[in-house]
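For this one, chain H is given, so just place chains E, R and F on it according to the hints.
4 protein chains.
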Amino acid sequence: MYQSLGQLKETKVFKDPVHRYIYVDDQLIWQLIGTKEFQRLRRIKQLGTSFLTFHGAEHTRFHHSLGVYEITRQLINVFNGRPEWDDQYRELALCAALLHDVGHGPFSHAFENVFGVEHETWTERIILGDTEIKAVLDQVGDGFAEEVAAVIRKTHPNKLLVTMISSQLDVDRMDYLLRDAHFAGVSYGTFDLERMLRVLRPSRDQLVVKQSGMHSIEDYIMRRYQMYWQVYLHPVTRSSDYLLKAILERAQELYAGHYDFTVTPFHLIPLFEQTMTLKDYLALDETIVYFYFQQWMEEEDKVLSDLASRFVNRKLFKYVDYPQEKRDAVHERLCLAFSKIGLDPDYYLLEDKLSRLPYDLYLENGEISRHPIMLQMKDGTLKEISQVSPLVRAIATSRQTDEKLFFPQEELYDLKEFANEKMQIDTLLRGDH
Amino acid sequence: MYQSLGQLKETKVFKDPVHRYIYVDDQLIWQLIGTKEFQRLRRIKQLGTSFLTFHGAEHTRFHHSLGVYEITRQLINVFNGRPEWDDQYRELALCAALLHDVGHGPFSHAFENVFGVEHETWTERIILGDTEIKAVLDQVGDGFAEEVAAVIRKTHPNKLLVTMISSQLDVDRMDYLLRDAHFAGVSYGTFDLERMLRVLRPSRDQLVVKQSGMHSIEDYIMRRYQMYWQVYLHPVTRSSDYLLKAILERAQELYAGHYDFTVTPFHLIPLFEQTMTLKDYLALDETIVYFYFQQWMEEEDKVLSDLASRFVNRKLFKYVDYPQEKRDAVHERLCLAFSKIGLDPDYYLLEDKLSRLPYDLYLENGEISRHPIMLQMKDGTLKEISQVSPLVRAIATSRQTDEKLFFPQEELYDLKEFANEKMQIDTLLRGDH
Amino acid sequence: MYQSLGQLKETKVFKDPVHRYIYVDDQLIWQLIGTKEFQRLRRIKQLGTSFLTFHGAEHTRFHHSLGVYEITRQLINVFNGRPEWDDQYRELALCAALLHDVGHGPFSHAFENVFGVEHETWTERIILGDTEIKAVLDQVGDGFAEEVAAVIRKTHPNKLLVTMISSQLDVDRMDYLLRDAHFAGVSYGTFDLERMLRVLRPSRDQLVVKQSGMHSIEDYIMRRYQMYWQVYLHPVTRSSDYLLKAILERAQELYAGHYDFTVTPFHLIPLFEQTMTLKDYLALDETIVYFYFQQWMEEEDKVLSDLASRFVNRKLFKYVDYPQEKRDAVHERLCLAFSKIGLDPDYYLLEDKLSRLPYDLYLENGEISRHPIMLQMKDGTLKEISQVSPLVRAIATSRQTDEKLFFPQEELYDLKEFANEKMQIDTLLRGDH
Amino acid sequence: MYQSLGQLKETKVFKDPVHRYIYVDDQLIWQLIGTKEFQRLRRIKQLGTSFLTFHGAEHTRFHHSLGVYEITRQLINVFNGRPEWDDQYRELALCAALLHDVGHGPFSHAFENVFGVEHETWTERIILGDTEIKAVLDQVGDGFAEEVAAVIRKTHPNKLLVTMISSQLDVDRMDYLLRDAHFAGVSYGTFDLERMLRVLRPSRDQLVVKQSGMHSIEDYIMRRYQMYWQVYLHPVTRSSDYLLKAILERAQELYAGHYDFTVTPFHLIPLFEQTMTLKDYLALDETIVYFYFQQWMEEEDKVLSDLASRFVNRKLFKYVDYPQEKRDAVHERLCLAFSKIGLDPDYYLLEDKLSRLPYDLYLENGEISRHPIMLQMKDGTLKEISQVSPLVRAIATSRQTDEKLFFPQEELYDLKEFANEKMQIDTLLRGDH
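Residue numbers (the working numbering), protein chains in the order written: chain H, 34 to 466; chain E, 34 to 466; chain R, 34 to 466; chain F, 34 to 466.
No wet-lab data here; the hints were simulated from the structure. Mixed in with the good hints there might be a few duds.
Pairs involving identical chains hold if they fit within one copy or between any two copies, as the list cannot separate such chains.
Said to hold, decoys possible - Below are the DSS-like pairs computed for lysine-lysine, each with C-alpha atoms no more than 25 Å apart in a straight line:
#: 1; residue 1: Lys278; residue 2: Lys351
#: 2; residue 1: Lys351; residue 2: Lys243
#: 3; residue 1: Lys437; residue 2: Lys48
#: 4; residue 1: Lys48; residue 2: Lys359
Just chain H, same shape as in the assembly (with noise of 0.2 Å):
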């Protein structure tokens, strides 16, 4: 049914910093990334505003994109000869490992958070839309955009597909552990890749782990977890991110009220309005938002040219920890002393908990998630992780949070009428910076 666009005359190969190099063999493939909608990620960065806290990640969707095509070809090559392994899928897996993100718009999770747009609906749109993405994948056949994106929303019924994209230990986490370990300039993220594709099998329903890999999935799980607190969750980032969505924000609100911008932001106003288009979608990237915000530190409204000063300039509110214990005390004083020097706190005040588990067997609810890692046993059953290994049942259930209060401290502290609220907020919160 399908038609496979055949081999490159030859192998076209990306240096790559964390994979050393990335092969493409396949027509297919080699077009893919030409196409302007791939393109475009080299102007969203994989790891959105963390490059201010550690500066060297300034990396992007479009090398992390890659990534996960390479982790997916090698993988395959490892797969490859195994009964449980239908080589015919090849192209599939291939093309839904390149694709999986490209739906991702500027400072994804700030503008799906403040606009409610979401990189999966994109992500498909622009696969089965009007776009040179969707008229290569139709040279292989009718339907095969359509499986693409199934894979990628994980309704294909090859389960096995769906679980090496997406799952608990998916080719797409193993590139950018490796990936935002590397550019971030730190070392917890690192995992030994070779070793993990040789202790992966295919079975019929997903990827598995076969059992004298357990160790090295033990590791992987920690290693994931120290990202997260370490890179992911930095407080700094935290900060970077809130004032983000607090220009967005206010922007938004302006427009609303039919503020009278300097210069129109024509690529935002589809977003004001949820007008969105796949054209008008596809316009935006950090580029473009950078422009806007650099016009709206010139703006009238004090707001919204603190804000955007803030960040173009990278003065971040700063944190405190904040126990809960003492919440209310603290919020009170703090928005009667916002008040007095004119301080809004919706924007200059953000109470942040966090909470996470390092291997999410559990969802929220309590049931168990769907895509668990499973260890394949010597006699051929699986059992999931937890199960097998002592260190993963142990901190399975072991939660670990985080409070955290973000304000314009040195704002405030500044001001010498603030000096008896600034002692008495201290004096609750032990603060430090």
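Below, chains E, R and F without anything else, positioned relative to chain H:
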């Protein structure tokens, strides 16, 4: 005369993929990093368009400036205690290291080429003008900012400082070789920095190398040479640089001809009109340039919209080797072909000839370079390295050249009516992608 | 009272694969490294027989001792200037670090096990006996050698020094995790040493960790745990260790029985007779042991010659998992089989049960360990880490066990007459190599 | 004619610090690795006495042989499918790669120098003699062992195989540069193996490099050159090598003079008497040599005991630069001084002159070397690299030399009565250790 701002209460630490950690102990340095002019360097990539060749090369001038500062800090630690090093120059050296590139604008080389801006001039204006950086430096004392500028422009009387910051073997090159290699993901530029710092010595008039470090310097020279040919002068990067320049030239030409842009390029008009103020310059960065390029993809002018689309979507011109003896014949045929399909050779045809020495001992006029690498012999005398190292002597005159022709090959070659010309040109060139 | 030997005229530098460079500035340290007792550590591998599993693991106790010294040197640099650190203890700390393992003999664990020698005892005898090391230390002053010994044996009144050299989080473990991982070629043991040193703090009674370093310590604990299961307790290494012990036991038994060795094992007789002098001990190293083992390959005693040949030529026993409930049945059958082919189960059959906690908070008697890892909270109080980290708390009681049975499988299984037993044993074990 | 032993049921994997993993799929290779002659390589260090200079350099010829095998395996994977590669030679190439160094004995260079043994001869005897290796190879078919030997001795008609294993750009050098650099802990030898393998091409008569790989080869040549001067020819290693040779010469002289050794050096007598059998040779390794050296520290002969003690305890001779024009004057004075304190210049004074080219295009007789590095141009023709690369051409005749004098400086210099001579010699030499 000058008054140090003192030490920070607690060392500030940046995680850096190249130096692992960057340490800041001085109030002065910490405040400089926090200025908006320095933070702006986050929006200017270190290697311009190289990320279109090596996707990892997204690192910015912000990283590099911190790295040059860090190497200087380490070098001063090594020097400290030696009679030739006067530690009162410590803060001056650190500031000059940190700020030496602060005047770079977006895609510096292309902009300098097309509009005649010089980043050295702007570095000086930023350090001495109405900026946050100037305000921070002024706290140290009157005249300190001017001293920093003097070290950077090489007019400061302390030649040791000058050569530390700028010479054949300076902290600038040490950082960029390591950093560019790391982010591009290539191994060619990686030398042993720790050893290099240990063989460097301060002397009265310049930075020198102790004799036993000769092999380290040979290694460093070879690494630099490799980086030039394998990274900095990579033909794909030359192609993207060319495209960038062509876009800027076309836009300027249109502006000069009173073309009516759909979106007025406010940020670029001062460049077109040569009326750039410091404020204008600081408002320019690569996100701004990308904004306009993306608008220009929709412009009516076909040349501008085509070139801008090519750049944004990475449809670069291909290249062929272009030996001198065939130049006229090929050029004539191509111009003819271009005219048939309506391509303007001024924008669509680039002859590019490169020529480079591994070690710049001799200037183009045959004179010896001003700051060659000097070895400090065991008896204390100084000798230029090529007098001691047979290897360096051998390569000092070993010029490597490369001539290429860039043009939109596929467009031409896909045309049926061009088949004949193609064959004849190919025969001339025995072309290669 | 004590008189430093002063600084070297020029820093001595060792190239080290783990710390890149090891720096020696002190005459005292330089002289200690040059003693024959310290140089002897070059002939004793750090990981005993592990090189038979991980061929890279050829590194010696000489490397490790230098590495522990270097980490201590760096740690003291970090501590210097803090009121809790008294720099008069610098040389004492460096000597204790350098010499802490100087009493190790060949294949320490096996020799300790078989002959009851204790490396701690010999470390002390070497530091306090008639040795070049003692002569060097005596130059500092009477009693200094005793102080070094006291720090190493943990009886020195300065508990900070004691815990720096020997505790759950000491310089010894920091070096060996990094070094063993590097030479074995595995990534599991690699943690961020530079950051670790920055979160350590001197306190009155011990080395502590500042609160913000909690995640670093979690990471360190997990790396150590991985190294135990993936390297130190690797079943192949357990097999070679077992073989080594069996050889030594057999030789001792033969000697006790007045067996007439072809080449008299002069170096080992003091061990057999428990009459070892300091001179005897220092004359022993792994090259000596290997000499005798190679002679023994030709001995008439079949058990000794077979075991020695197996060790030298790496024909190790294979292993099978050995669940407790099947122990008696399997054991009985194997002994029966052995008797048929003339193998002595005392030498040819090993039951090995391991059990280990990731973090040794609790001693085997249930009491809390003497030097647990203490966090220094923001308010200055100390808390044992499992009280603060949910992760460490979760794993502190998560004991992992492993039971294996080692025997020369192939020899047994190749016999036709054993086919039946084999099948039945396999059925019992569902064995795996 | 030949019969492959087939594939293993499951790939065997060695963890390797250089190549990360070494994969064995062939029964034949697996069995060869298990032979006692191959396992013996674990007891012979790759870099002889270099570990006395670079303590990390404890790696053995076992590691290196596996590494050469692994690179060959990868290279064949790259070649596979190309018409110039005939895959029937796969096992032959792998065996030759694995076994090419199997005849090395302890401290090969010193032993070859003193006793005239040649490792190439012994490699052949081991492959063709009464050994486990021969037995394994014979399973493939009669004559196969001879073919393996022929590839290694470069007489095999398949010149491609010969040059893969042994030429200016062979798998042997590729592994040892990477491995020696890794274990010594230096960065000079690290080149990009993955890229190197991608630019190599099989051709009819030899291994060649495709034109676009020219810079990679330049880089490789420079790395090799750096490794020679910074590691292999390091003066401290030359000093320890010299000491080793002096010991062997003294022992041989004593034996020839019927000296009565306390412990008869049975293993070495066949060397002294030139009656070495294959069995004798295989019984020799570095643990055996170290055993005798340690006995000799107690010998009555003062020269032997002193030299042996110096080697075992690393009290090496120091060195001074020794320019040719001062040779006679210095030599005379030193011999005079030696005679006063009873040192025999034959054992205690070494003049050592080194001379080396970065790229061995020309033989010492001025002829061109037999297997220079050939580039395969785009038009298919082959050109020797120095005809194409200006860099290689420049360095091909850039000979570097080094002259040093080694002697037990401190012993001489500590003597009062020598003060005068010392001053005069120093004046002659402007000496430096």
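A quick look at each hint next to the structure:
no., hint, in the structure
1, Lys278 / Lys351, "within (16 Å within a copy, 42 Å between copies)"
2, Lys351 / Lys243, "between (46 Å within a copy, 21 Å between copies)"
3, Lys437 / Lys48, "between (40 Å within a copy, 22 Å between copies)"
4, Lys48 / Lys359, "neither (52 Å within a copy, 33 Å between copies)"
In summary, the one numbered hint that this structure violates is 4.
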